[in-house]
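So the chains spell out like this:
2 protein chains.
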Amino acid sequence: MDKNYNRRKFLQTSALAGLGLTTVSASGNENVSGRTGIISDPVQTSRKSPRSSKLHIGFIGVGLRGRDHMDLVLRRDDCEVICIADPDAAAIQAGIRLCQSYGKSAPAAYGEGNYDYLNLLEKEDIDAVIISSPWMWHTQQSVAGMNKGLYVGCEVSGAFSLEECWELVNTHEDTGAHYFFLENANYRRDLLAVLDMVRKDLFGEIIHLECGYQHDLRNVKFNDGKTVYSRGTEFGETALSEARWRTNHSLHRNGDLYPTHGVGPVMNYIDINRGNRFTHLVSMSTKPRGLSAYVRDVGGENHPNAKLDWKLGDVVTTLIQCNNGEKVLVSHDTNLPRPYCLGFRVQGTKGIWMDVNESVHIEGKSPYHGWDDQEKWFEKYDHPLWRKYNDLASGEGHGGQDWFIINAFVECAKQNIAPPIDVYDAAVMRAITPMSENSIALGSAPVTFPDFTRGRWSVKKPDFGLDDRY
Amino acid sequence: MDKNYNRRKFLQTSALAGLGLTTVSASGNENVSGRTGIISDPVQTSRKSPRSSKLHIGFIGVGLRGRDHMDLVLRRDDCEVICIADPDAAAIQAGIRLCQSYGKSAPAAYGEGNYDYLNLLEKEDIDAVIISSPWMWHTQQSVAGMNKGLYVGCEVSGAFSLEECWELVNTHEDTGAHYFFLENANYRRDLLAVLDMVRKDLFGEIIHLECGYQHDLRNVKFNDGKTVYSRGTEFGETALSEARWRTNHSLHRNGDLYPTHGVGPVMNYIDINRGNRFTHLVSMSTKPRGLSAYVRDVGGENHPNAKLDWKLGDVVTTLIQCNNGEKVLVSHDTNLPRPYCLGFRVQGTKGIWMDVNESVHIEGKSPYHGWDDQEKWFEKYDHPLWRKYNDLASGEGHGGQDWFIINAFVECAKQNIAPPIDVYDAAVMRAITPMSENSIALGSAPVTFPDFTRGRWSVKKPDFGLDDRY
Numbered sequence: 025m026d027k028n029y030n031r032r033k034f035l036q037t038s039a040l041a042g043l044g045l046t047t048v049s050a051s052g053n054e055n056v057s058g059r060t061g062i063i064s065d066p067v068q069t070s071r072k073s074p075r076s077s078k079l080h081i082g083f084i085g086v087g088l089r090g091r092d093h094m095d096l097v098l099r100r101d102d103c104e105v106i107c108i109a110d111p112d113a114a115a116i117q118a119g120i121r122l123c124q125s126y127g128k129s130a131p132a133a134y135g136e137g138n139y140d141y142l143n144l145l146e147k148e149d150i151d152a153v154i155i156s157s158p159w160m161w162h163t164q165q166s167v168a169g170m171n172k173g174l175y176v177g178c179e180v181s182g183a184f185s186l187e188e189c190w191e192l193v194n195t196h197e198d199t200g201a202h203y204f205f206l207e208n209a210n211y212r213r214d215l216l217a218v219l220d221m222v223r224k225d226l227f228g229e230i231i232h233l234e235c236g237y238q239h240d241l242r243n244v245k246f247n248d249g250k251t252v253y254s255r256g257t258e259f260g261e262t263a264l265s266e267a268r269w270r271t272n273h274s275l276h277r278n279g280d281l282y283p284t285h286g287v288g289p290v291m292n293y294i295d296i297n298r299g300n301r302f303t304h305l306v307s308m309s310t311k312p313r314g315l316s317a318y319v320r321d322v323g324g325e326n327h328p329n330a331k332l333d334w335k336l337g338d339v340v341t342t343l344i345q346c347n348n349g350e351k352v353l354v355s356h357d358t359n360l361p362r363p364y365c366l367g368f369r370v371q372g373t374k375g376i377w378m379d380v381n382e383s384v385h386i387e388g389k390s391p392y393h394g395w396d397d398q399e400k401w402f403e404k405y406d407h408p409l410w411r412k413y414n415d416l417a418s419g420e421g422h423g424g425q426d427w428f429i430i431n432a433f434v435e436c437a438k439q440n441i442a443p444p445i446d447v448y449d450a451a452v453m454r455a456i457t458p459m460s461e462n463s464i465a466l467g468s469a470p471v472t473f474p475d476f477t478r479g480r481w482s483v484k485k486p487d488f489g490l491d492d493r494y
Numbered sequence: 025m026d027k028n029y030n031r032r033k034f035l036q037t038s039a040l041a042g043l044g045l046t047t048v049s050a051s052g053n054e055n056v057s058g059r060t061g062i063i064s065d066p067v068q069t070s071r072k073s074p075r076s077s078k079l080h081i082g083f084i085g086v087g088l089r090g091r092d093h094m095d096l097v098l099r100r101d102d103c104e105v106i107c108i109a110d111p112d113a114a115a116i117q118a119g120i121r122l123c124q125s126y127g128k129s130a131p132a133a134y135g136e137g138n139y140d141y142l143n144l145l146e147k148e149d150i151d152a153v154i155i156s157s158p159w160m161w162h163t164q165q166s167v168a169g170m171n172k173g174l175y176v177g178c179e180v181s182g183a184f185s186l187e188e189c190w191e192l193v194n195t196h197e198d199t200g201a202h203y204f205f206l207e208n209a210n211y212r213r214d215l216l217a218v219l220d221m222v223r224k225d226l227f228g229e230i231i232h233l234e235c236g237y238q239h240d241l242r243n244v245k246f247n248d249g250k251t252v253y254s255r256g257t258e259f260g261e262t263a264l265s266e267a268r269w270r271t272n273h274s275l276h277r278n279g280d281l282y283p284t285h286g287v288g289p290v291m292n293y294i295d296i297n298r299g300n301r302f303t304h305l306v307s308m309s310t311k312p313r314g315l316s317a318y319v320r321d322v323g324g325e326n327h328p329n330a331k332l333d334w335k336l337g338d339v340v341t342t343l344i345q346c347n348n349g350e351k352v353l354v355s356h357d358t359n360l361p362r363p364y365c366l367g368f369r370v371q372g373t374k375g376i377w378m379d380v381n382e383s384v385h386i387e388g389k390s391p392y393h394g395w396d397d398q399e400k401w402f403e404k405y406d407h408p409l410w411r412k413y414n415d416l417a418s419g420e421g422h423g424g425q426d427w428f429i430i431n432a433f434v435e436c437a438k439q440n441i442a443p444p445i446d447v448y449d450a451a452v453m454r455a456i457t458p459m460s461e462n463s464i465a466l467g468s469a470p471v472t473f474p475d476f477t478r479g480r481w482s483v484k485k486p487d488f489g490l491d492d493r494y
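Order-wise, the sequence lines are chains F and E. Going left to right, the first sequence walks through residues 25 to 494 as the numbering used here numbers them. Going left to right, the second sequence walks through residues 25 to 494 as the numbering used here numbers them.
The following block holds chain F by itself, in its conformation from the complex (with noise of 0.2 Å):
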């Protein structure tokens, strides 16, 4: 392996200093055998060596999600921020700065273009890297992260092909790194409340859900160039921040671009990947007409960018088949004037959840075909771990969701263990982009998944959320 190698080989329990926590153990619920003995063991015995000092993190793009992600590793004191990666010379200073904010020293930076992440990994003396890149670069960098042994970190985005899928997983297998996808909708307060009362069988049965990513994206795919979320007609070299990028996927691709905050959580009610898996799906498209007619709006009847052929169908609709014979409906709504709203439900054999009325029906216990205030649930289902970190958590970003993904992926970096939301779960959900694009392709076909984890699926136990730890 490489140099940083012994860097990392630090003892688990010791490393939990950060917050003034113990631990005893990994989840320990991973009790299957791997292809190279990885996801059979969830603690390397080969790195049970003492650690006695912080987690060293770098960091591969610090635009605005990448120093979210910085800022929060940065107030604790079990992680040290080494390095950073960024092309873009403005996010560098910036990383710079919000690192010498919190009075630490600067982090070596590397900006000399799109690959000098490369000579960060080389380089640096580092555990841990935490990937906030434009989604073309996800792949690439956390193969390159665990190819160097490091406990990679990457944000969620869907895939290209399912070949890119397999890379992470065998990179995975091969090399022993583990990559937690930062999926932090997993986190979201009254999803982790639901999780426990599916757990405790409130809603029986589970049979049907849904979710998406419902989310009135037009001013974060334009903008004026000038000032983020701004009322623009901009993107790509002329805007800022992801409508630099993001954009151009509306422009050239038809599917479900961004399935994973929906996914994600609802993966955990019917343990996908562990004891369960989706098998195939289908997916349809509408026209696309949101994005001209937001230009228009914005630009006028003449402006270029609303000429333009884009091929993102305004709503996507996923519906995806589990072995167990549940079912899930996903939908991606980004280019329409709405209201914010995921659009979760879950729906079994003893009772119904909705996000979007905000309502709770439990059979026998909620009035008789009516509905229930989900606030009444959710106060006494309240997750465990939103009990414990509520004063920490509430008030970060995304409703805290992303103080417990940082939680999460510190605790479990510093342990070197299988991560609850595992490249499998990254695997089988980046999946669902290119799978969606080719059922629309072929005129809402369905299309089969891959068993990305080759049967180890069947035995698996489910590991995320089972107590307050992370």
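Watch out, some of these pointers could steer you wrong.
[What the hints assert, rightly or not] Not close to chain F: a few residues of chain E, all C-beta gaps over 12 Å, as computed:
| hint | residue |
| --- | --- |
| 1 | ASP101 |
| 2 | TYR139 |
| 3 | VAL167 |
| 4 | GLY173 |
| 5 | THR199 |
| 6 | ASP295 |
| 7 | GLU325 |
| 8 | GLU403 |
| 9 | GLY423 |
| 10 | GLY479 |
[Unchecked claim] Straight-line alpha carbon distances no greater than 27 Å define the calculated DSSO-like cross-link-like pairs of lysine-lysine that follow:
| hint | chain 1 | residue 1 | chain 2 | residue 2 |
| --- | --- | --- | --- | --- |
| 11 | F | LYS78 | F | LYS128 |
| 12 | F | LYS147 | F | LYS78 |
| 13 | F | LYS311 | E | LYS331 |
| 14 | F | LYS389 | E | LYS311 |
| 15 | F | LYS78 | F | LYS412 |
| 16 | F | LYS485 | E | LYS311 |
| 17 | E | LYS485 | E | LYS224 |
| 18 | E | LYS389 | F | LYS311 |
| 19 | E | LYS331 | F | LYS224 |
[Stated by the list, open to error] Only part of the chain F face toward chain E is listed, based on derived beta-carbon distances under 7 Å:
| hint | residue |
| --- | --- |
| 20 | GLU229 |
| 21 | ILE231 |
| 22 | HIS232 |
| 23 | ASP338 |
| 24 | ASN347 |
| 25 | GLU350 |
| 26 | LYS351 |
| 27 | PRO361 |
| 28 | ILE376 |
| 29 | VAL380 |
| 30 | ASN381 |
| 31 | GLY394 |
Calculated directly from the structure, the hints in this document are not laboratory data. These figures come from a predicted structure and were not determined experimentally. Built from N, CA and C at the ideal position, the CB exists for glycine as well.
Since the structure of chain F is already known, use the hints to place chain E on it.
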């Protein structure tokens, strides 16, 4: 034609005495040439001789639903209930009593088995027939009625095959007899207000629609054999009302068994068969668990009906692609505990409405990224039909819907004009059921819609709910 033919030669403009209304013409929107000239001419010129008497109506099927319709007809002074047919003696008796309760003479009764309706059609001097029998009888009874030259109104159902849908269409075109598909949901007050909003471009170009039948039917599918809608475990011979026949479909079939209440109203929003058409669909089903669980709850673990191999998945989701680029998501969800909600959503380039949270968002008028209470909009866009008939309709069955559908049926039958929900609409709506079954049987493969209009959809204009007539 048959002997009833002369009786139905009445002048359309003289036939509106029943409600003290006047009308000048049929909607006149079917401006295309039909195979037999039928759909090119909503007023049958061959039948324009004066008519001085009332509309004479026969009823086939006088169970609970048929008697609902009969009750509405009996209150009108422009109709007479002439005859009834039903193989159930108790239903016949209840039908006779219902007529007598209005001080009318008893109708001729045809109760000698399943086929006595043929004697009714042969012997009785009627203009129109209303069919409210179990689903399995709808097509053959409608075809028999049209073959007798009657104006046929038929309750809603899904079909069993595409051939059956063609049979309806072909019989209409061969006989010139009209077929009114009695989809009452088209007249739901909120749905008509939304139709007004759609036509006034409040939502912009329509992109995505949702609808369905999300109705916990467990106490419809089962009862105790003594009281309708009671808590019981019986269906088939030992049960009452719909449980005698409807439940059998859940035992044997997997697909969207009842799509019309959702699809009917939605078709009006995107002009299906009137400039647009459904091209193909995919369906996906969950496992079936709800009905077994219900029988176990009510009748104990060992109740034999809990051990049956129920075929209907608890939640069936269908995605329909439209020629003009829209998509319709249709839910069928009748086996699980849940509050009633048909799940409507209308989404366009300028706004969105959902019924589950009773909310509207119209860009630039509603709060930024926020919802308005739908009532704020519906007050302003209440449909002319409801403004005119509120006093008569409200308080009647299904929130007034039943009053409107029967009124529309009677007004169209008196004029012998093409109904606003016609045989082509019936064919395409009813086709969803066997197509959904096919798609599910094929692993959610896409299934193409026949064009029941033989191309005329591309030139026909909208004709439903254009004004306050019917």
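Status of each hint after checking the structure:
1. ASP101: holds, 38 Å
2. TYR139: holds, 39 Å
3. VAL167: holds, 33 Å
4. GLY173: Per Cβ check, GLY173 (chain E) is outside 12 Å of chain F; nearest 42 Å; holds.
5. THR199: holds, 37 Å
6. ASP295: holds, 15 Å
7. GLU325: holds, 15 Å
8. GLU403: holds, 21 Å
9. GLY423: holds, 15 Å
10. GLY479: holds, 21 Å
11. F:LYS78 / F:LYS128: holds, 14 Å
12. F:LYS147 / F:LYS78: Distance of about 18 Å is within 27 Å: holds.
13. F:LYS311 / E:LYS331: violated, 45 Å
14. F:LYS389 / E:LYS311: Roughly 25 Å between the alpha carbons, so the hint for LYS389 (chain F) and LYS311 (chain E) holds.
15. F:LYS78 / F:LYS412: Satisfied, since the Cα-Cα distance of roughly 23 Å is no more than 27 Å.
16. F:LYS485 / E:LYS311: Satisfied, since the Cα-Cα distance of roughly 22 Å is no more than 27 Å.
17. E:LYS485 / E:LYS224: holds, 16 Å
18. E:LYS389 / F:LYS311: Given pair LYS389 (chain E), LYS311 (chain F) holds - Cα atoms ~25 Å apart, limit 27 Å.
19. E:LYS331 / F:LYS224: holds, 25 Å
20. GLU229: It holds, given that the least Cβ distance between GLU229 (chain F) and chain E is near 5 Å, below 7 Å.
21. ILE231: holds, 5 Å
22. HIS232: With a closest approach of 4 Å, the HIS232 (chain F) hint holds.
23. ASP338: It holds, given that the least Cβ distance between ASP338 (chain F) and chain E is near 5 Å, below 7 Å.
24. ASN347: Check failed: Cβ of ASN347 (chain F) comes no nearer than 11 Å to chain E, outside 7 Å.
25. GLU350: holds, 6 Å
26. LYS351: This hint holds: LYS351 (chain F) lies near chain E, its Cβ roughly 5 Å from the closest one there, short of 7 Å.
27. PRO361: The hint holds - PRO361 (chain F) has a Cβ within 7 Å of chain E, the shortest such distance being about 4 Å.
28. ILE376: With a closest approach of 5 Å, the ILE376 (chain F) hint holds.
29. VAL380: holds, 5 Å
30. ASN381: Interface hint status for ASN381 (chain F): holds (4 Å vs cutoff 7 Å).
31. GLY394: holds, 6 Å
The structure does not agree with the numbered hints 13, 24 stated previously, though it agrees with the rest.
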